[in-house]
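Residue numbers (UniProt numbering), protein chains in the order written: chain F, 1 to 381; chain W, 1 to 381.
Where hints are given, some of them may not hold.
In this list, chains with the same sequence are indistinguishable; a pair is considered to hold if it fits within one copy or across any two.
Derived SDA-like pairs: lysine to any residue, alpha-carbon spacing no greater than 25 Å straight-line [stated by the list, open to error]:
id: 1; residue 1: Lys267; residue 2: Glu180
id: 2; residue 1: Lys164; residue 2: Val220
id: 3; residue 1: Lys355; residue 2: Ala219
id: 4; residue 1: Lys267; residue 2: Gly38
id: 5; residue 1: Lys164; residue 2: Ala369
id: 6; residue 1: Lys355; residue 2: Glu137
id: 7; residue 1: Lys164; residue 2: Ala380
id: 8; residue 1: Lys355; residue 2: Asp218
id: 9; residue 1: Lys267; residue 2: Asp218
id: 10; residue 1: Lys267; residue 2: Ala219
id: 11; residue 1: Lys164; residue 2: Pro222
id: 12; residue 1: Lys267; residue 2: Asn352
id: 13; residue 1: Lys355; residue 2: Val179
id: 14; residue 1: Lys267; residue 2: Val179
id: 15; residue 1: Lys355; residue 2: Arg293
Hints listed in this document are in silico derivations from the structure and should not be mistaken for laboratory results.
Computed from a predicted structure; not experimentally measured.
Protein chains: 2
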Amino acid sequence: MRTEISEMFGIDLPLFAFSHCRDVVAAVTNAGGLGVLGAVAYSPQRLEEELRWIDDHVGGRPYGVDVLVPGKIDASAEEAAAGGGLGRMLAAVPQEHWDFLGGLLERYGVPLPDFERARASAETGAGGSVTRQGAGELIDVALNHPIRLIASALGPPPAVMVEKARAAGVAVAALVGTVEHARRQVAAGVDLIVAQGGEAGGHTGEISTMVLVPEVVDAVAPLPVLAAGGIATGRQLAASLALGAAGVWCGSVWLTTEEAETPPAVKRKMLAATSRDTVRSRSRTGKPARQLRSAWTDEWDGPGSPGALPMPLQMIVAEGAMRQIGKAAETGNEGAQALANYFVGQVVGQMNQVKPARQVVYDMIEDFAAALDRLNTITAG
Amino acid sequence: MRTEISEMFGIDLPLFAFSHCRDVVAAVTNAGGLGVLGAVAYSPQRLEEELRWIDDHVGGRPYGVDVLVPGKIDASAEEAAAGGGLGRMLAAVPQEHWDFLGGLLERYGVPLPDFERARASAETGAGGSVTRQGAGELIDVALNHPIRLIASALGPPPAVMVEKARAAGVAVAALVGTVEHARRQVAAGVDLIVAQGGEAGGHTGEISTMVLVPEVVDAVAPLPVLAAGGIATGRQLAASLALGAAGVWCGSVWLTTEEAETPPAVKRKMLAATSRDTVRSRSRTGKPARQLRSAWTDEWDGPGSPGALPMPLQMIVAEGAMRQIGKAAETGNEGAQALANYFVGQVVGQMNQVKPARQVVYDMIEDFAAALDRLNTITAG
C-alpha cells in the first residue's frame, strides 16, 4: 500500500499503533507499520529505558513517541510544578475530592490508598509530566533516540517542540478533534494531522470519524491526515482511506493483544464489552476521555459527586486510586472489579480475542484486501 | 453500482434518501436512488395526497415511506389516544412544562402560541401519529400506494406492519443504533437494516457509524445493511460500502437542497453551521435526537428546565411552540431566530451550498468515483 505516509516514513503499511507498551510498538513497527510509544505515564528515566529497549528490537525500522502537552492546564498546578513543588500540586486538590474518593473506595470495599504513595506517584507519574515542564523533559529524551515521529496528544505542540523536532529531522504529528484545532496545528507547524473521532478511546471531541476525517482532509490539504477513532479492522482501514485519510492511527485494538500490559481484570472487561460499554468522562484525567464505563465513571459522573477537577489535578486523584483498585481487582475484590476501567474506544466491541499484535496487523491487511475486492465488485457490476 | 440492494429494488445507485419533502423523494428516485418519505408529521389524509403526488412524478420508479412506531411510548399518552381523547393527551402534559415554555418564549420575545392552536396541532400533527394507532393508519395509507419499502424509525415494527407489508410485496426496513436492536429487528421479520450512527440527525444512539456498521453487518448477515449517519458525500458512501454496507441512507443532506421545505431561518443556520453545532437532545420529541444546537436545546437541557417529557408528550409541547418560533423567526424576530432549530446530523458542517437534490446525487456519484480511484491507486502502488 502506498500513500503519502508510506513514502514519508518508509513503511509498507499506513498503520500507526499508539501504545504505552513497548512490545506492541516494536511488534507493529516490525510488521510493517509504525509503532508510537505513549510516553505520558513515564518519567524521563523510564522513557529512556523504554526507548533503548525499542531501539534494540526494531533493527532501525521507524517508530515514534507520543507526549501529552496540554494546551490549557490548571494554572495552580502549573505554578506548583514550575516551583518544583509537587506537594503544592497535591495541596491544590480540594479536601472534598479526597473525601469523595475515600468514601467511594470504602463503599466498594477497596482498601484506602496510602497518602504517601499517592504523593510518590504524583512525583514520578503522569500527573507530574502533564505540565509543560514535564512534557519538555520527555521530548528531550525522545529526540535523543532515532525516532521518526513525535506526536502531541492535546493542543498544539509548543514552538520549542516543533523546532527541536525539525532540527532532529523528526516529523511532528498532532491529534485533533475539530477542523478548528487542525487549522491551529497547521499554524503551529506540524507535519501530519491525526483526525480523531469521538468514538476513539482517550481524550476525544464529539465529532465522529466519518464526519471529521473528510473535513480535516479538506481543511489541511496538502498535509497528510491519519484517521483515528473506530478503527480496528481492515474494513475500517479501507473506509478511512476512502474518506481521504493517508493512513490510520489505532490505539484501542492493541489493549487486548498478548503483549499489552493491560491489567488482567480490565482486559477481561474489554474482551466481554460491547460497543455500548464506553463513556466519555472527565473522571480519570479532568478532560473528557472515552473509557470503559464502570462504577468509577458512574460514581464520579453521578449525582453525589463533587465533579472532576481540571487536568492534571484529577489525574493525581485518580491515579493512586486506580493503582489500588487494580491491585485489589486482581485479588478477586468484587468492588474493585466493578470500579476498574481504562481508556478505550467504541471498537472495544470488536475486541473479543487475545492475539499477538503482529497477528492484529496481518488480520487487518487480509480484511482490508477483502473490503477492497468487495468495493471493486460493486462498482464493476 | 451493484449491491444486494440495487438488485432488491431495481435501482442504479444504493442511495436511500429520507425526506419529509415529496419533491426530494421524487428527485432522488428519478436520479437513480430511492426516495423515502418521512410520514410522521402527516395526517392520513395528507399522506394520501403526498403519495398521490409522488406516484404522479416518479413514473413507476421505486420509492418508500418511513413511519415512526415507537417501541415504548408514554402509557398515559397511549391510553389517551386509544380513548380518542387527544384532549386527554394534552392534559397529561404537566402545567410546569407549559409554564416553562411560556416563560421561555416570553424571555426570547416570541409571541405565545394560542392554546387552541396547540390542541389542533396535536390532533392533526406528529404528536398524534406517534402512537401505535396513529402509525397504523399511516401504514394502511402507504400500503395502498405502489411503494417498495416501508421503514420503521424507532423500535421493531409491529407484527401487523410486517404482515401487511409482506402481503403487499413491500420490503420492511428498520433503523437501529445498536447490534442488540438489529437482532430484535431481524426477529421481528424485517428485510433490511439501517444501521444509524450517533452522528446522524434525528433519533440516534451513541455508537458511531464507523463502529456500528461492521458490527451490524456481521450480526445480521446475510440480511443487507444500509449505513446511516455522517454520510453526505461520495467519500462517505465509499467508506460505508468498505465497512460492508450494501448502501447508504441519507437524511440531513437534503435539508439544504432547493426542494427542501426547511424553514428559511433554519436553512440559513444549517448552511452556516459547522460539524460542532449539533447536539443530542430530548427537547423536541422526548427521545434523544440530534439537532442544531440552539437556544431551544440550551434552555431545555439547562439548569432551570423541568426536563423533557416522554415521547410523544414532549412533541406536543414543542411542536406548537416551534411553529410559532418559525413564524416569528421569518419576521426577523431575533429571539425566535436564536431558538429555531431542526433535526440534522454532524454532516451539517459539509452542507454549505443550496443545490437541487438531483445535483447532490450527481456530486455524490462523482466524488464516489474519485474516492475509489484513489483507493485503487493506493493499493496498486
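Do the hints match the structure? See the list:
In this assembly of identical chains, the alpha carbons of Lys267 and Glu180 lie at most 25 Å apart only when taken from different copies (23 Å versus 35 Å within one copy). Only within a single protomer do Lys164 and Val220 lie at most 25 Å apart by alpha-carbon distance; the minimum there is 23 Å, versus 52 Å between protomers. Taking the closest pair of Cα atoms, Lys355 and Ala219 come within 25 Å of each other only across two copies (22 Å); inside a single copy the shortest separation is 37 Å, beyond that limit. For a Cα distance limit of 25 Å, the shortest separation of Lys267 from Gly38 inside one copy, 19 Å, qualifies, whereas the shortest one across copies, 44 Å, does not.
Taking CA atoms no more than 25 Å apart as the test, Lys164 paired with Ala369 passes in neither setting, with 39 Å inside one copy and 42 Å between copies. For the identical chains of this complex, Lys355 and Glu137 are neighbours neither inside a copy (34 Å) nor across copies (53 Å), given an alpha-carbon limit of 25 Å. When the C-alpha separation of Lys164 and Ala380 is checked against a cutoff of 25 Å, the pair qualifies neither within a copy, at 50 Å, nor between copies, at 36 Å. Proximity of Lys355 to Asp218 under the C-alpha cut-off of 25 Å is restricted to the inter-copy arrangement: shortest distance 20 Å between copies versus 36 Å within a copy.
Taking the closest pair of Cα atoms, Lys267 and Asp218 come within 25 Å of each other only across two copies (23 Å); inside a single copy the shortest separation is 38 Å, beyond that limit. With identical chains, the CA atoms of Lys267 and Ala219 are at most 25 Å apart between copies only, with a shortest distance of 23 Å across copies and 38 Å within one. When the C-alpha separation of Lys164 and Pro222 is checked against a cutoff of 25 Å, the pair qualifies only within one copy, where the shortest distance is 23 Å, while the shortest distance between copies is 54 Å. In this homomeric assembly, Lys267 and Asn352 come within 25 Å of each other (Cα to Cα) only inside a single copy, at 10 Å, whereas the closest approach across copies is 44 Å.
Taking identical chains as interchangeable, the C-alpha atoms of Lys355 and Val179 lie at most 25 Å apart only when they sit on different chains, with a minimum of 24 Å there against 35 Å within one chain. With identical chains, the CA atoms of Lys267 and Val179 are at most 25 Å apart between copies only, with a shortest distance of 22 Å across copies and 34 Å within one. Taking CA atoms no more than 25 Å apart as the test, Lys355 paired with Arg293 passes inside one copy only; the shortest distance there is 24 Å, against 43 Å between copies.
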